[in-house]
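S.K.: Use the sequences and the hints to build the structure in full.
So the protein sequences, as listed, match chains A and B. Under the UniProt record's numbering, the first residue of the first sequence carries the number 1, and numbering increases by one thereafter. Under the UniProt record's numbering, the first residue of the second sequence carries the number 1, and numbering increases by one thereafter.
These are calculated hints, taken from the structure and not from any lab test. All of these numbers come straight from a predicted model, not from anything done at the bench. Treat the hints with care, since some could be wrong.
Computed beta-carbon distance windows for the label pairs [claimed, not checked]: (1) A:T244 / B:S91: 21 to 29 Å; (2) B:I168 / A:I190: 21 to 29 Å; (3) B:T414 / A:N201: 46 to 54 Å; (4) B:Q92 / A:E183: 39 to 47 Å; (5) A:K242 / B:P403: 25 to 33 Å; (6) A:E183 / B:S24: 50 to 58 Å; (7) B:Q92 / A:S414: 27 to 35 Å; (8) A:N201 / B:E223: 35 to 43 Å; (9) A:A267 / B:C321: 14 to 22 Å; (10) B:T150 / A:E183: 18 to 26 Å; (11) B:P40 / A:A267: 55 to 63 Å; (12) A:S414 / B:D117: 53 to 61 Å.
Here are the simulated SDA-like pairs of lysine to any residue, each with C-alpha atoms no more than 25 Å apart in a straight line [said to hold, decoys possible]: (13) B:K151 / A:F246; (14) B:K434 / A:K256; (15) A:K418 / B:F356; (16) B:K151 / A:I248; (17) B:K236 / A:Q409; (18) A:K495 / B:H83; (19) A:K242 / B:L153; (20) A:K256 / B:T150.
Beta carbons are placed, not taken as given, at the ideal position from N, Cα and C, and that holds for glycine.
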Amino acid sequence: MPTVIALDVSLSMRRPVLGVLGTDSVQTEQLTRHHLAVQGINALLHYLQTNSKLEFVSLVVFSSLYEVICPFTRDYDSIRAKLQNIEECDKTCIETALHGVNNVIMAEWGNTTACQVILVTDGNPGVGTMSLGDSLNSLNVKRDNNPFPLPFPYPGKLSIVCIASQQDPGLAIGLPLYQRLIELAGSDSIVLIPEGQLTKNSVTNCFQKLAEANYVSFQGYLKCGHLGSRIFLSPPPMPHTKKTDFEILAGLTVSKTIEICGFISVADVGSPSAISRHLVLPLPTEKTPSMQGISLEEESDTEDNGDDGKIPSFCVLLHGALKVENMAALCLLNTDWYGFIYSWADTKKKSNLMLTLLEPGTDIIPWLGNLSNLGPIDAAINKSGEIGFPVRPSEKRSYSQNAPSWIRQVGLQSDIQKILRHARKLPEKTQNFYKELNRLRRAALSMGFVELLEGLASIFERECTLLPPNLNPDCTIQMGHVAEMLRKPYSRELKNNITPVRTKFHHAE
Amino acid sequence: MYPANHKTVFVLDHTPYFGISTESPLEFDCLKTRGQNLIPLAPICKSLWTTSVESSMEYCRIVWDLFPTGKLVRFVVSDHAAHILNTWSASQQNLSHIMNGMAIIGVPPRTHQPGVDFSVIHGLRVAIEALTESSEIQHEKRTSLTENATKLLNSGRVICITSARDDINMKSLENIFLNQLTQQNKIALTSDHLIPVHHCHLVILNIFPNNIESQVTSQSPREVSPLLTMEVHSMKAPALHSKLSHLILSHYDLASTTVTGIPMKEEQNASSSANYDVEIFHSSAAHSAILKGNPQDSALIKTFRRFEEGSEYETVTLKWCTPRGCSACEMQNCTAMHRITPVDVNSRPSSCLINFLLNGRSVMLEMARKSGGKTISHLLAAHGGEIFIHTLSTARSVLEDPPSISEGCGGRVTDYRITDFGTLMRNNVLVPLKKNSSDEGEGPAAKMRSRLERHTKYWPITISNTLMFNLKQLIDPLPELMVKDDLTKEEIVQCKQIIFALLQLEAKHEPLPLPSIGGGRGGKGGVRREEHYRLLWGELETFLKGHANNSAAHVEVLNCLLEVRNKDDKDKVELDQALRELDGLGKEDITARASVIRATTDSPMSPPPCTSVSLGKQLHKGSLYTPKSLLDIWLQRSAPKERKPEFHGRIQSDGPKAKLYPNLKEPGREPREPILEA
Numbered sequence: 001m002p003t004v005i006a007l008d009v010s011l012s013m014r015r016p017v018l019g020v021l022g023t024d025s026v027q028t029e030q031l032t033r034h035h036l037a038v039q040g041i042n043a044l045l046h047y048l049q050t051n052s053k054l055e056f057v058s059l060v061v062f063s064s065l066y067e068v069i070c071p072f073t074r075d076y077d078s079i080r081a082k083l084q085n086i087e088e089c090d091k092t093c094i095e096t097a098l099h100g101v102n103n104v105i106m107a108e109w110g111n112t113t114a115c116q117v118i119l120v121t122d123g124n125p126g127v128g129t130m131s132l133g134d135s136l137n138s139l140n141v142k143r144d145n146n147p148f149p150l151p152f153p154y155p156g157k158l159s160i161v162c163i164a165s166q167q168d169p170g171l172a173i174g175l176p177l178y179q180r181l182i183e184l185a186g187s188d189s190i191v192l193i194p195e196g197q198l199t200k201n202s203v204t205n206c207f208q209k210l211a212e213a214n215y216v217s218f219q220g221y222l223k224c225g226h227l228g229s230r231i232f233l234s235p236p237p238m239p240h241t242k243k244t245d246f247e248i249l250a251g252l253t254v255s256k257t258i259e260i261c262g263f264i265s266v267a268d269v270g271s272p273s274a275i276s277r278h279l280v281l282p283l284p285t286e287k288t289p290s291m292q293g294i295s296l297e298e299e300s301d302t303e304d305n306g307d308d309g310k311i312p313s314f315c316v317l318l319h320g321a322l323k324v325e326n327m328a329a330l331c332l333l334n335t336d337w338y339g340f341i342y343s344w345a346d347t348k349k350k351s352n353l354m355l356t357l358l359e360p361g362t363d364i365i366p367w368l369g370n371l372s373n374l375g376p377i378d379a380a381i382n383k384s385g386e387i388g389f390p391v392r393p394s395e396k397r398s399y400s401q402n403a404p405s406w407i408r409q410v411g412l413q414s415d416i417q418k419i420l421r422h423a424r425k426l427p428e429k430t431q432n433f434y435k436e437l438n439r440l441r442r443a444a445l446s447m448g449f450v451e452l453l454e455g456l457a458s459i460f461e462r463e464c465t466l467l468p469p470n471l472n473p474d475c476t477i478q479m480g481h482v483a484e485m486l487r488k489p490y491s492r493e494l495k496n497n498i499t500p501v502r503t504k505f506h507h508a509e
Numbered sequence: 001m002y003p004a005n006h007k008t009v010f011v012l013d014h015t016p017y018f019g020i021s022t023e024s025p026l027e028f029d030c031l032k033t034r035g036q037n038l039i040p041l042a043p044i045c046k047s048l049w050t051t052s053v054e055s056s057m058e059y060c061r062i063v064w065d066l067f068p069t070g071k072l073v074r075f076v077v078s079d080h081a082a083h084i085l086n087t088w089s090a091s092q093q094n095l096s097h098i099m100n101g102m103a104i105i106g107v108p109p110r111t112h113q114p115g116v117d118f119s120v121i122h123g124l125r126v127a128i129e130a131l132t133e134s135s136e137i138q139h140e141k142r143t144s145l146t147e148n149a150t151k152l153l154n155s156g157r158v159i160c161i162t163s164a165r166d167d168i169n170m171k172s173l174e175n176i177f178l179n180q181l182t183q184q185n186k187i188a189l190t191s192d193h194l195i196p197v198h199h200c201h202l203v204i205l206n207i208f209p210n211n212i213e214s215q216v217t218s219q220s221p222r223e224v225s226p227l228l229t230m231e232v233h234s235m236k237a238p239a240l241h242s243k244l245s246h247l248i249l250s251h252y253d254l255a256s257t258t259v260t261g262i263p264m265k266e267e268q269n270a271s272s273s274a275n276y277d278v279e280i281f282h283s284s285a286a287h288s289a290i291l292k293g294n295p296q297d298s299a300l301i302k303t304f305r306r307f308e309e310g311s312e313y314e315t316v317t318l319k320w321c322t323p324r325g326c327s328a329c330e331m332q333n334c335t336a337m338h339r340i341t342p343v344d345v346n347s348r349p350s351s352c353l354i355n356f357l358l359n360g361r362s363v364m365l366e367m368a369r370k371s372g373g374k375t376i377s378h379l380l381a382a383h384g385g386e387i388f389i390h391t392l393s394t395a396r397s398v399l400e401d402p403p404s405i406s407e408g409c410g411g412r413v414t415d416y417r418i419t420d421f422g423t424l425m426r427n428n429v430l431v432p433l434k435k436n437s438s439d440e441g442e443g444p445a446a447k448m449r450s451r452l453e454r455h456t457k458y459w460p461i462t463i464s465n466t467l468m469f470n471l472k473q474l475i476d477p478l479p480e481l482m483v484k485d486d487l488t489k490e491e492i493v494q495c496k497q498i499i500f501a502l503l504q505l506e507a508k509h510e511p512l513p514l515p516s517i518g519g520g521r522g523g524k525g526g527v528r529r530e531e532h533y534r535l536l537w538g539e540l541e542t543f544l545k546g547h548a549n550n551s552a553a554h555v556e557v558l559n560c561l562l563e564v565r566n567k568d569d570k571d572k573v574e575l576d577q578a579l580r581e582l583d584g585l586g587k588e589d590i591t592a593r594a595s596v597i598r599a600t601t602d603s604p605m606s607p608p609p610c611t612s613v614s615l616g617k618q619l620h621k622g623s624l625y626t627p628k629s630l631l632d633i634w635l636q637r638s639a640p641k642e643r644k645p646e647f648h649g650r651i652q653s654d655g656p657k658a659k660l661y662p663n664l665k666e667p668g669r670e671p672r673e674p675i676l677e678a
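M.R.: Put into structure tokens, the structure is as follows:
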């Protein structure tokens, strides 16, 4: 999950912390809230370095303006270095900060990547226009060009850290405003205040707590019948909220045991939309009795030499077979929630096991049908009429029905021309001629377009007079017949079809 | 939540006035191109009625193409009374049902009859009643026992196509509607099966022929009461279609994409191809990634405004990418998918694109960036006869620079049974099943789960952890049969034959034909023959025990193994008994073939297998895979003292393997190696 650390660099951050002196007597300089914030951010970076190396972090500073100090990177040391040389600016403006954060995230990750926003401030929400209080008060006023930056336009979580002691009188004003913010942000957003006295320790602990709460790795078990492996998902899946016309299901989480339900060829799966994608990384796992097999080497000490790479893992086997067979494994993530595991290669052709989480629900990929109704192929053989993928809808869509559409004149013209083309090739095209004619007639009747039937009759009558002499006489006979029929009340009934008149040219079918 | 577009009622004016012509002549006489001296035909015009039917049908076509379920439309036709064409039931939510109904309704009555009250009011009244009827899903939610049941809000939309005299007339229509809505809500509150309307959106489309100036003015949406929002659009009849197709965008939150640069063969000149554009509609969410995603790029993406008969809307222009390879055959990083429908369904470019897609090919769409670059942003593909637009991720990926699977846990093991697992996957492929309501208990998914458990009951994941799966020529089809949930009589016999054949092989002191692949288990030749048999019997026993509770037949096979093994251990004489049983079981002992062939190729004079062969192999392997034991080293040292002369063929070969009959593969001859393999 990419993280943006937004650090307040307003003047109030440079207030000294009362009663706390620099640890070394050599450093006589009084500690400021800014020092503590930097200290805390370093603690957070340290945590990531040891526990969550793949996170991208960006550092943004803000006052009444914002500035990207460090674009997204996994090189935490470079952020540390930049942290040392940050200059103070004017006043706190949180709305600007959040706009800046959103720009930074949207430019880099788009609107579907889950992100963390950590806002570090001093509990002083600013004063005057563009203060937080002012921003929140103008929420309901329509702002067309510049909507309030919350809720985030991407799946985001906001953590506000106040470098202030619990007794700070400024918090009494600030805290309720921060609470409003996290309500707007949703998704388990939080406000954190260091516990007890404002010291280096309490601030470090506060950031530590934040890191532990926000960067929980996902460890679970991938199960396939009696086979399986402990796994680690990177990035960890976020709780998902599903919104439909009639319900909102919030806080859906992936179960710790992901169970493979069967296999489908990748071509049949057909790239359904995913809510997120995660690398499935195997962890050392005790073999189940089913996987154990027999040992052919008496001196089987190879497994104890501590090299994880040499211990067989089900994930590697699964990856290999999925890749070779070009298949995907459908797996159950939780009640009525499915995902696909498949072999995925990045641009450098490094291949790995990937899990995509589908939208929760069982009926979410139309061409696969209800996922809980997928079963073994022999069950299908017993029942007749089962064919496999794709599952087709009961009704055809308009574009595969070839229904007339006369909204644009061209549509009507081409339908008439088609009939006339067939008419000139009578008697060979008798069937097509009458089929198209009746199709057009039915459409006209449905739309109450009786004027067309009259018009068509006149076209046929004129067409009879214009036919070149070498054409089959059947043309004239059939067209005359049709023109006459079209004018009769008989043809105004939907159920009546105009049928060919019997001629000596018309061979009995 | 609870959007107004869940339920829409079209009220079509079917009063005699709607029978009049729109006075907009149609170019239906297509003979003009054939010559000048033709008698022109009397022009024809659509009636107001035809215009309103075809425009409302087009609206439904788009809705039902994009949302086959969950977005319901009903039709009420109003003349001297209201005629209801369909219900909320899913079976009546399709164009052919409505078209049939319209054909039965027919054209508006010709003349006013005295004493008959022709009015659109009848229809509006019935439309409100229709909105208070629950749809299937609303009924389900209302009767569900969750806390949300009471929170259900019933919103809906009424689209009325009529022709009013003036604004006063329109105002009275509004009052009557609001009155009726309030009344009907009172009725609904006292009823068990009706739900009151919490909010209704009334859209009145006032149409008139081309040669008339209407006294009705358009009104933008306005909240008449908390219950009712109303808007009025007044236009000449031919403009109705474009007005409706404009309104539908906001009603269903749709967006338009113009696929540009589609190469298409010319009708006249088949050798050249020109580029065409096709406009499609789909849910606007398909664009959110590119329009809301990167703020810089979304500002740069070109969105053209289209002007069509007074209405305007945005369309995002994306470029056709001639497909290379099979983009549908790999998993794309798709963040959203939505059904599409062409705006102009029967035009030649549309049907070309549609047929291209329906025939199973897919098209990538490319978005231009201001920087000059291009990014693939969407994929058009058909699945099961429906066409979808897949939104592909264009942003940076957090999975950047991921580790390879070979760098992780188990990544350096090279002898996974990948081919066997591939077979297992193919045997456990999922297919769609119709849920049989008579099926009690477990559904297809549960069945599949127990099946997978059965198939993996004993499944060593590496080659070096199994003997039986390396001896397919002896063991097959035993593993395949045993994973079944039941066995036939013949299959039991087949399994027993395999066990007996193995026993026979052991009795003949044949070494197991282990392939020389990976690990350390093979190749020890005669030295570890007995050990191999012991391990194999043990493994088979584990395997069969694992499957013993599948069925009684499986127990029978296990018992057979246990019996012969016991006999074997206790008394060698019993073996003859077993062999006789085997002979009695059938002459067609395919599984014993390997040993039979072996027996025929070995003459009694054949020397015992040369130990240096297996030693050579062993050393070859040992250096790669296994640490040498003291025994190995001793054997190696003693090898040169071998008294037997080396096989002539091997002296000339490069390695320890010698090719037999090197001249055999001369042109015209069939290779015979397979037969000689044993």
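S.K.: Tell me the numbers of any earlier hints that the structure contravenes, in ascending order.
M.R.: 2, 8, 12, 14 and 20
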